[in-house]
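Novice: Listed below are the residues making up each chain.
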Amino acid sequence: MNGFSFLRPPRAALLRCASADPAGAVCGCGVVHAAPARIGRRTVLGALAAGTVLGSLPSPLRAAVPAGPLERPDVTIGFVPISCAAPLIMAEAQGFFVQEGLRVQLQKTANWALVRDRLLDGHLDASHLLSPMPLALSLGLGGNAPHAVRVASMQNLNGQAITLALRHHDRRDPRQWKGMTFAIPFEFSMHNLLLRAYLARHGLDPDHDVTLRVTAPPDMVANLRAGNIDGFLGPEPFNQRAVIEEVGFVHILTAEIWDGHPCCAFGMTAAFMDANPNTAAALQRAMIRAADFMQQPDNRAQAARIMAQPRYLNQPELVIRQSLTGHYADGLGVVRDNPRRAAYSPYPYPSMAVWIMSQLERWGYLKGPVDYRDVARQVFLIDAVRQQAQAMNLPQPADGGDNWPSFTIMGQHFDPDHPSFFNQG
Amino acid sequence: MISAESRRAFFLFLALFAGLLLVWQLSTASAPPRSPYGIPQGNAEYQMLMGHTPGTTRTREGFPGPARFAASALQALHAPFHDNGPSDRGIGWQVGASLLRVAIGYGLAVVVAVPFGFLIGLHPVIRRAVDPFIQILRPISPLAWMPLALYTIRNPEGCGIFVIFICSLWPIVLNTAFGVGSVRREWLNVARTLEVSWTRRVLFVLLPAAAPTIITGMRIGLGIAWLAIVAAEMLVGSSGIGYFVWNQWNNLSLSNVLLAVLLIGFTGMVLDGALAALQRSVTYAE
Chain C
1 MNGFSFLRPP RAALLRCASA DPAGAVCGCG VVHAAPARIG RRTVLGALAA
51 GTVLGSLPSP LRAAVPAGPL ERPDVTIGFV PISCAAPLIM AEAQGFFVQE
101 GLRVQLQKTA NWALVRDRLL DGHLDASHLL SPMPLALSLG LGGNAPHAVR
151 VASMQNLNGQ AITLALRHHD RRDPRQWKGM TFAIPFEFSM HNLLLRAYLA
201 RHGLDPDHDV TLRVTAPPDM VANLRAGNID GFLGPEPFNQ RAVIEEVGFV
251 HILTAEIWDG HPCCAFGMTA AFMDANPNTA AALQRAMIRA ADFMQQPDNR
301 AQAARIMAQP RYLNQPELVI RQSLTGHYAD GLGVVRDNPR RAAYSPYPYP
351 SMAVWIMSQL ERWGYLKGPV DYRDVARQVF LIDAVRQQAQ AMNLPQPADG
401 GDNWPSFTIM GQHFDPDHPS FFNQG
Chain P
1 MISAESRRAF FLFLALFAGL LLVWQLSTAS APPRSPYGIP QGNAEYQMLM
51 GHTPGTTRTR EGFPGPARFA ASALQALHAP FHDNGPSDRG IGWQVGASLL
101 RVAIGYGLAV VVAVPFGFLI GLHPVIRRAV DPFIQILRPI SPLAWMPLAL
151 YTIRNPEGCG IFVIFICSLW PIVLNTAFGV GSVRREWLNV ARTLEVSWTR
201 RVLFVLLPAA APTIITGMRI GLGIAWLAIV AAEMLVGSSG IGYFVWNQWN
251 NLSLSNVLLA VLLIGFTGMV LDGALAALQR SVTYAE
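Residue numbers (UniProt numbering), protein chains in the order written: chain C, 1 to 425; chain P, 1 to 286.
To be clear, the hints were calculated from the coordinates, so they are not data collected in a lab. Quick reminder that beta carbons are idealized off the backbone N, C-alpha and C, glycines included. Among the hints, a few may not be true.
Under 8 Å between C-beta atoms, here's a sample of chain P residues computed to sit facing chain C [to be verified]:
1) T28
2) P40
3) G42
4) G223
Throw the hints in and build the complete structure from the sequences for me.
Specialist: Okay, structure coming up:
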């Protein structure tokens, strides 16, 4: 596991620094970074703001990034109609793809299994993916042969919630949830892994004490109404939809479980990226810009209007807006505010991948020894995203250039160097 | 001249229809009582976020009553052929896409099944040999084929067409074989006495004689094809009426789902009516 640490001599020093100050520095993405210097939260925010000003300058420099002629200007990209797809949708609607010379056709796809199949058989050149999917596909989990799939950028952070049926409004302690049935959208999803981690943290065995059922998001709302499930950890806008349909309430936002957790990724097969490096780079650039666009709070209301259209999410704007801005009705008569409900950052930190793989192993999806760091580095292309964002003069994350930040999840420290400690907590 | 019987049937139809609308209206009119769990109403801001104020668009639908259904159906049918890119096409395009898929898959099934049916209808040995295969393949649900099709064919368009093909194949094969096998011996003997060539015997004796049975098989096959396509499109489609149902369900828009359901039924009825007319034209009195 530590076989690669010699590649990053400064890291050891950073780790010591972090252990001296366990709080570390929390940047805008909610990640606890092992900060090289003690950066306070305010300085970080200030730096972010400065970066934003830089990012809004016209004609960004692109000298450092290879940008040859596009091998394939016509690209088909799959998406699942949930709020996580916001950067992809905005990249089309705001013309970020067109600015790169790409003619993109977004293809609304019914479910994650279909997204997987179409990406692997080449009908989709790139796609919106749940961030555990590229890892599961690359490792050949779930009965598939291994297919190398890459995360070209992260689409969104946070943005999910645990929704419970209204009849459980007085059962807010997860220890009371024994015997309940919960819906999740896909096995290889952050929803599944976060729900399992949350239940386990509260002393429940997610495999024996509750039933987890893979369900399409609209069916989650319908099943919640029908009483077939007790709750779900689902994507937006379906949590807010359940609230507005008056069948459920938001128990907890995933931003409150792990602020800054990855959710959906933007991925391509390694074969596509190798065959079309310039096209892949152009797609990546457009997606980085789109994530930056979405991260600006001022753009969220406009994004909600655009995403509500039938060709995108086909959902009421009122519902999408609440899930994007974090100013929402919780279903129990209270208006809540959490601006971190949805967050957008294009940086796919490999330590996120380490958390995902450690959880996949924890719950038996991943068997046998895997070099987490090696796989994480191959699948989560953080260096390319950094390079491209820098070349476009977009704000740099306040992570001190550290690709392996540790995280705070439900008050627990997750150290990518020692992932197994987290699982025992 | 309309007979008294059909007039009475028509009035009964109208009465049933009115009764249906009435039951529909009554069962959807009363909104369920709010919050049986004593959850507070919240402040004005909360009510606005819940979509309860007149200024905001009402999002909570519930099951639509006849009036609301009619309004949203009119809206959807107002521009059935609008086209805002592949993810937002009018319902007319969707029905068209489904019909095209059915035309291809079902056309292939007819082209394969009729000659195959002739073969096994004329040769009892072959019929007995292939019968176990047919009996096993015949009852397989269209959706059970879907994962296998997705894995092997991969192309989603091909999958839909394959599912239609494989499901509409068997009734046509069996009916053709039955029809060909039960052509009256006398007619074949006459043809043999007249030393009619093989092709003429098939085309001018067997085919017309078996035509009503073959068309019955084709009617059953088309019915199954139309059932299968909706289910297949809900799973893999990026177009078609099944995709429309899925996309509207995604928005929990029951009005539009209901519209699609009625449209599926109506289209199925028209398709069946077309084959019924064809059947009447080939039916003969012995």
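Novice: Does P:P40 meet its interface restraint, that is, does its C-beta lie within less than 8 Å of any C-beta in chain C?
Specialist: holds, 4 Å
Novice: Minimum Cβ distance from P:T28 to chain C below 8 Å?
Specialist: violated, 15 Å
Novice: A closest beta-carbon separation below 8 Å is what the hint needs, so does P:G42 meet it against chain C?
Specialist: Where the cut-off is 8 Å and the nearest Cβ of chain C is about 4 Å from P:G42, the hint holds.
Novice: Holds or violated: is the Cβ of P:G223 closer than 8 Å to a Cβ in chain C?
Specialist: Check failed: Cβ of P:G223 comes no nearer than 25 Å to chain C, outside 8 Å.
Hints 1 and 4, counting from the list given before, are not met by this structure.
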